[in-house]
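**Q** For chain A, the structure is supplied; the task is to place chain B on it using the hints.
Protein chains in written order, with UniProt numbering: chain A, 1 to 569; chain B, 1 to 649.
Take the hints with a grain of salt, since some may be wrong.
Said to hold, decoys possible - When the alpha-carbon atoms are kept at most 16 Å apart in a straight line, the in silico EDC-like pairs for lysine to aspartate or glutamate are as follows:
no., chain 1, residue 1, chain 2, residue 2
1, B, 276, B, 288
2, B, 74, A, 385
3, A, 482, B, 27
4, A, 431, A, 176
5, A, 340, A, 392
6, B, 276, B, 287
7, B, 445, B, 567
8, B, 74, A, 386
9, B, 61, B, 12
10, B, 153, B, 118
11, B, 74, A, 387
12, A, 455, B, 39
13, A, 325, A, 386
14, B, 317, B, 333
15, B, 379, B, 288
What the hints assert, rightly or not - Computed footprint of chain A on chain B; a stretch qualifies when at least three of its residues, placed anywhere within it, have a C-beta under 8 Å from a C-beta of chain A:
no., stretch
16, 36-42
17, 226-233
18, 256-265
Hint data in this document are derived by calculation from the structure and do not stem from the laboratory.
All values derive from a computational prediction rather than experimental measurement.
Cβ atoms here follow ideal geometry from the backbone N, Cα and C, with glycine treated the same way.
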Amino acid sequence: MKPTTLKRNSCFEPTTDAQPLAGCNNKDRPRSLALAASLSVVSLVALGLLMSSIREDDSELDKRPSKKRKQSKKHFRKIYLRGLYNLGNTCFMNSTLQSLSSLSEFNTYLGNCVGFIMQDKQASVDPIDSAIAIQLKKVLDQLKPYNSRIAAISPRDLINSLSKRGRWMSSKNEQDAQELFQMLSSTLNATRRETDASLFNSGFLSGSAPIENAIFSPGTTICKTEGELSNRNESKPGSSLNEQPHYQSPSRHGSPSASYRMPPFSNPLLGMAASRIACVKCGYTAAIRHFTFDNLSLTVPMVRQTTIEECLAMYTIIDQLHDFKCQYCTVSVTLEQNKKTIKRREAELASAGDNPKKAAKLTALLAKLQSQQARLQSALVNNPEEDLKDIELANPSPGISTKQTMIARTPRILVLHLSRSIFLPTGDAAKNPAHVAVQPLLDISPFTTTGHISKNASKPISGPPEISAGLHSSSSSYAEAKRRNCLYRLCAVVLHAGNHNSGHFYAYRRVSLESVIERRGESASEPAQLLYENDSARWFMISDTETKEIPLSTVLSSGQSYLLFYERL
Amino acid sequence: MRDDIRIVLVGDGGVGKSTLVTALIKETFIVNVQSVVPEVTIPPEVTPENVTTHIIDTSSKGEDQEVLETELRKANVACIVYAIDDRSSFQRVHEYWLPLLRLQGINLPVILVGNKVDMRDEDIGHAAVLEDEVVPIMNEYREIEVCVECSAKALLNVSELFYFAQKAVLHPTRPLYDARDHVMKPKCTEALIRIFRLCDTDGDGVLNDAELNEFQRKCFNTPLQQRELEGVKEIVKASRPDGVTDIGLNVQGFLYLHLLFIQRGRVETTWMVLRKFGYGDDLGLREDYLCPDFDVPPDCCVELSPGGYAFLTEIFKRYDADGDSAFCPEELENIFSLSPGIPWKHGKFPESTVTNAAGYVTLEGWLAQWSMTTLLDHKQTLAYLAYFGFPADIRDGICIASRDSSGSSGPRKRRKGKMQRNVFLCYVVGAAGSGKTSLIRAFAKKPFLQDYVPTTRSTTTVNSVDVKGSEKYLVMQEFGPYDTSVLQSRRQLEFCDLLVMAYDSSDPNSFSYLANLRKNYSLDSVPVIFVATKSDLDYVEQRGEQPPDIYCRELKLNAPVYVSVKDSQIANVFQRMAAITRSPQSATPALLLSRPHAWSATKIIGVTALAGVGLVSTFAVYQALKYWWTSIMHSRASSSYSIPRRNEL
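Just chain A, with the same shape it has in the complex (with noise of 0.2 Å):
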């Protein structure tokens, strides 16, 4: 662990796209130094000691920001949020945690894995993955918004259970964000895994009758004459069960029976993306192959100026492969040179007619031949893509084929990645520093797939979707992208400021007047769903332990977006 301030060296202040820090860090910067010193004299070796004069900084923290807050008096309400101390490079960390804690889908997702771990008795979870999970949750809670002030905390206890992960946080340097979040991502994908097979599971045994005739119908349980005297003797035990309330376990599925093991709760950044490849010359499609993702990573054009949308259509482009061997041509083309093969041996058995041992020879060859193209040609009916173990497959020179990919699942939170590492011809990497403009609603039906999928190689694999009859205003089109699940509203920003080596990590979040929580013991009420014409949240710049309100221009006109996280609508 390092003293936050040796931190503040590497990490620079960001400069053009934060104007508003800019004030409150000079003013900072004495009291870091003053910390420094004080530091210095304990870092490494007392923890105790360490813990005391932060606990201190947070009593003088407490008195520093009254005067800013009062500067947004036009809102009646004050929200207040939380700040997370840079423990050494953990500014990415701390913006991407601000990011997630303003995601109330997510915090529902974590409460569940938590509730789960919680509840598992046979400790089925790998115990780094749940220790993660469980301060993630912890950090996450303090993160609320409140409407009166608050001290920053430490996530030092995340730090701790992350750096056992391995890689994790072990080094000084500075991390990725995006990195982050997919690790805490897949860790919260392996809590959930499934745990209730046994043949030991007596609330299963009493809480479920047997199936009689194998229907499942929405609903309803359906059981037949045929089944019923059975059925009458079986629920016996379950009857004398009831009488011990603690062996019954409440129907989790609420579904007809209990049969299937469907997943308690699904994970809201899990998406589907659809692929294909196609071939130009013989036009053979594989499947369309799904693929999960829980966020999209897009390449930013190398431009001033770009937009979100123009991010993402570059993302479901479609791209020409030259190198790709497509294994319809090759196998219709081995299968050209057999049929050759074969041809060429009979004219050679017809001239052979007085060796008998070269005809002998020519005569199992072709038996060979013609079992070869046998199992080509049912290949090429049924399977390409089949193993043809022992058959020696021509080369044809590699045609054109495209691959494009689409969203097929849209995820109910939605994480975009700007990738802006660019490589240079030296073999160095820089950032790119376009500007790419951001809304706050995002409608990504133009990148989704629809009721029809083409084949085609030179198509997209959806067109665009029909727009319905009526007006073209915006806010049916909205209605219409909403009814397909494809609007989305900005909820956080993750951005860098910097440049490719170093740089400072920082947040934006969209706070809604309901997440506030009242301190005076009540928690806060459930966020409602806000109309998405009328957006009464509210925007704050967190920078560690700095925290401010901004307006909503300065989150669109911002430009050095990193991470975006959006929730569907």
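**A** What follows is chain B alone, placed relative to chain A:
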């Protein structure tokens, strides 16, 4: 288990096959969907069974019939879809689609899918299809695993439908359960009874808590929750009082518990148990489970590992019901009922190994027999470790022992004889009637038989011999009339650790048979011991070039050992044999004959002297050449000087 599944959807046009596929992928209802969706692949992580799933939509049009049939042949499961609001589409299920599958000879599990359940009219008697009509169809067509009613529009049971399809492939109900008679099928019962017996490690016919915990750990990889266990016992007891005892669950209870799970649709629980115990989809033990890949390097042999010995000892104790430390025929039958049967039928088991006075196999004999089986055919041992329920990977039950530590072949390989092995193979050869059978029977402590019966086929016995405090197993093998065919095979000789050459000391022609064998086949690289049998009879001079003791001395071997099996005068011959297997170089003629001449001191001195002479002579020649060369150069130089001198003159 397979890692991908092909689900094909068939059914009349307009019942919503394509809409169901789209609804599964996009988790939304889309009104306008193309008539046939191209084949799609769903990644394992979004399916509950964690398998890659290919979904193939089909067209019901006549011209696409061929494609449809091709797809059906490639598929693992077929979903026949009808619309609940369309009577004719339901009629066609049993009038056209189910017979079509049978006509094609395609034996696929079928999921009956009633789509558009949101359109069901609450008013019964309307066009809606009733469950009453589904049941007779399901009874007639047993290939139907389940019937699922769903709605793509309301997103009801859509992912469940595909889950059922996956399950029908991965955990089919049909092989396990007879849905008509509500009983488990005989093969499933048989397999579960065997599993019960394997888990019943104390052999008392009841699974106690510790055994159940071990079962739970093995099958589901989780510890057993005591509360759950008590609950389950209560449930079983309530309807099957004879299934539970004070100690735990008996076999009736165990079967009933599985029946409960199967009847509640949790077929996968029973399948998980069956698969963990090596059963395949046909409810037979899988080939990869009985016979896993096990490479034996050349020059190596296979023996039981300490774990293997421990397991076989434990199994012996468990199945020795009467506690007499021997297997009576009933006990043998009992233990081998876990397997297809006794594997050594032709080997005259238990004659081949140590038995007690009643002829029952003792623990010593049991372990010796398995030591022999492992040496001769380790695959059989592997399979039987699996049949007996070896608790770990069955390959841990055996291990590889090096035939020799140097690893080189030829006569050298027996030179540095530091053997780690415990089981050795001895070939017993000799003329007919020389008493080989009596000798090897005596080794397994079998009584001497007065009547001579010629041995017609290869016979083997095994026993352990104590050599300097460590126990070694010797496997004695004789070949009846086939001595020569074995001795001429290089490969067969490779396996031989000791050649026991027996001759009848009362038959003057017996030894010449052995001498001829040695003359005709190259046997010098194999350790050998000569045994003169029937020493109780009158000693007769052996005919031939040399008497046996001279012959042995020529080979630098010990003189023949005189034994009489009849009089039990065996002169520790088996201990001598075991001693030879410990230090094979002491009895390998090829090594004994070559040794004294190798690098004697005189030879070394001779070579050194020769090298010295060579060096000296080379130096002398060099000096001579040098002198000659300089003298030439000198004379040339002097002549060149002389020329100008002449000019001066």
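**Q** Which numbered hints turn out to be false for this structure?
**A** none
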